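**Q** Residues per chain, in single letters:
Protein chains: 2
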Amino acid sequence: MAQTNPYGPNPSDYLSNVSKFELIDSTLREGEQFANAFFTLEMKIKIAKALDDFGVDYIELTSPVASDQARAEVEAICKLGLKRSKILTHIRCHMHDAKIAVETGVDGVNVFIGTSSFLRQHSHGKDMSFITKSAIEVIEFVKSKGLEIRFSTEDSFRSDIVDLLNIYTTVDKIGVNRIGIADTVGGAHPRQVYELIRTIKSVVSCDIETHFHNDTGCAIANAYTALEAGAKYIDTCVLGIGERNGIVPLGGFMARMIVADPDYVKSKYKLHKIRELENLVADIVQVNIPFNNPITGFCAFTHKAGIHAKAILANPSTYEILDPADFGLSRYIHFANRLTGWNAIKSRVEQLNLKLSDDQVKEITTKIKQMGDVRPLGIEDVDSIIKNFHAEVQEEEEEKTDATAATEEEPATKKQKVSSE
Amino acid sequence: MAQTNPYGPNPSDYLSNVSKFELIDSTLREGEQFANAFFTLEMKIKIAKALDDFGVDYIELTSPVASDQARAEVEAICKLGLKRSKILTHIRCHMHDAKIAVETGVDGVNVFIGTSSFLRQHSHGKDMSFITKSAIEVIEFVKSKGLEIRFSTEDSFRSDIVDLLNIYTTVDKIGVNRIGIADTVGGAHPRQVYELIRTIKSVVSCDIETHFHNDTGCAIANAYTALEAGAKYIDTCVLGIGERNGIVPLGGFMARMIVADPDYVKSKYKLHKIRELENLVADIVQVNIPFNNPITGFCAFTHKAGIHAKAILANPSTYEILDPADFGLSRYIHFANRLTGWNAIKSRVEQLNLKLSDDQVKEITTKIKQMGDVRPLGIEDVDSIIKNFHAEVQEEEEEKTDATAATEEEPATKKQKVSSE
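From first to last, the protein sequence lines are chains Z and E.
Residues 1 to 421, numbered by full-length UniProt numbering, are exactly what the first sequence covers, in order.
Residues 1 to 421, numbered by full-length UniProt numbering, are exactly what the second sequence covers, in order.
Here chain Z stands alone, though its shape is the one from the complex (with noise of 0.2 Å):
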């Protein structure tokens, strides 16, 4: 097939899920830890709910050995009965936390383990051969019971290369569902992603889930180059909230796929739902939605500049990869400004049902960029410029064929005039 998609997915990576990755949404554990967050039970079933609903792979929950009252709400999410989401609850390496999470009703276990120098030696102080011995206890273990595993190591891209694909090969031999990648300080860049991820691939055969931090900005390019190097699960937040400033957006996330591949991405998730999953957990965690948020920002389909707003009126395409139909959402051509021009101005003159000549409009234009130039305009201003302008022309001609009828209107129409400038 010949790559029409200049963005969509590179055929020389032959690993690459690009076009068949799932989603493992976090905002119930990983979005838990964000500083605003306060979950109640009620609180978490309706994101649950919606996060069902908008489709995605499955659904990951704060360990039940936190409190009495997460583990109660792991049983109640899990006796709630989602459609399409699978459950799962992130543990650590423990037995003890594996012994419990398994009684609790969910799909499957996330375990995770710090494999870092920094964090064998400042976080649980234990070795290789021991974290390995754990980990083979515990997987073995939550098989037994019928359940999905993933492994996952933390802080992956600053813990030794050889120790990373020693333990993956180990659990992936005893039959592990997934292994986990984690990028947990959020340090980790694109080039640096594909190089661990298509190593660590070529050595386990089975599926790599990974987690990107956003602490310098690169989450979503990351979860994007990992797909390209042959991870298949992208850990997920609405609104990307987490420790810190969070991890990879869903929101986002759904932005970056649908470019790469519309068809999978619009068949799968039901992306008109984004804006209102992003209004609930954002009333939740009381934060408003970034004003340069992907897709929802308040912004993101407004366009400004006069050569821009020429060219999205002619074909949406020429400045968008992003069609806000798909979102349930529609652009806006942001006319009233100094930076406006005159095709960006006819069209508001279509739209307004008046008919001006070309020459007309571009005077126009010239008016409100003048007046754009003094202080902030309003549509109500521009279409009050525009409105009078129409008035005066059609008097102008009214005088020609009948000189006595316009000079009756003349007067209201001059004074509405003067209050508009």
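By construction, these hints were calculated from the structure, which means they are not laboratory data.
None of the values given here were measured: they were computed from a predicted structure.
The beta-carbon is built from N, C-alpha and C at its ideal position, and this holds for glycine as well.
All the given hints hold, so there is nothing to weed out.
Only part of the chain E face toward chain Z is listed, based on derived beta-carbon distances under 10 Å:
| no. | residue |
| --- | --- |
| 1 | P6 |
| 2 | A72 |
| 3 | S123 |
| 4 | A221 |
| 5 | E228 |
| 6 | L239 |
| 7 | G251 |
| 8 | L313 |
Could you slot chain E onto chain Z? The hints should help.
**A** For chain E alone, coordinates are given in the frame of chain Z:
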């Protein structure tokens, strides 16, 4: 040199400019195309001075052709005599625009023209031979005036690669200072960026500037990857403001770069001014700093889960790739919640200057987690629990030595305890 920083420059990228990049800040050009931007001259001067103080290498301004006021503003900013930043203006590839631009006092001119089939068809309607002819005429004219000149294609990633290589090699031969590669629609991803930039780098001797929009959340990662491939200049805006949801944000890009080369970044840019610069621009364009903004988001250095808090207390590098002190900020251990751990509470006990054994701290931690299951906790709640517990412990000890004195103190303490729960 051994690679000691896994997030640093990749030694195999021999063309990499990760350790010698320069910034072209476009807050006063691309940023002016942000939906909410209405900059007066006074605001522009404030922003320009703050950018100069921070240390950006270039400041790009809106075309003087946009309006009469725009031209007056370019002239006024050129007269400021900034210490560090050179001034550029961004114009269409037209002799008409170029003649006006060179008279304003700028240090250089950034010209652009659309080369994608979308833009050639729906924007300017010109073919490649016309584009080449205009480019040569404009470049030779600007150079004859002794100014720097950059030639950029718009929407480079949807342009024909043969067209791109032809035009870039042509303008390189006639001595352009920089060529610009732009992801105008924000759809590019990192490995695609790496391949295109490296290919272009192999056929030109001039410097390469890049301009990445953020529609699919990859702008920072794309900019970083462009440097790896040999680009040298990165366009940024404060908070990333620009058309739609904007471009590479200056602060987020600094987060990315300080991880890659801390010495270079800290020696060149005043990182502790980022917050002030972002607040200035946010106030002017009337937006809030996004809750999840790199570096300056309200929780960028907040640690919540017990396991994170414990390790951070032992060594901040365990869960921090950025040091808040580099940006004049401080970290915060969020201990007042049900995910807390006893290490975080122990640290709080020490901050309060109280003495308790580890077992006693664990007992308090259980109480705090139980209360955190019921409702959101404030610091004062936790402090109150700790202080009451400490008071009780002291009472018990005092009772052992002096039964009478302890009895007198009891009623007040009990009352205080009830009110805090």
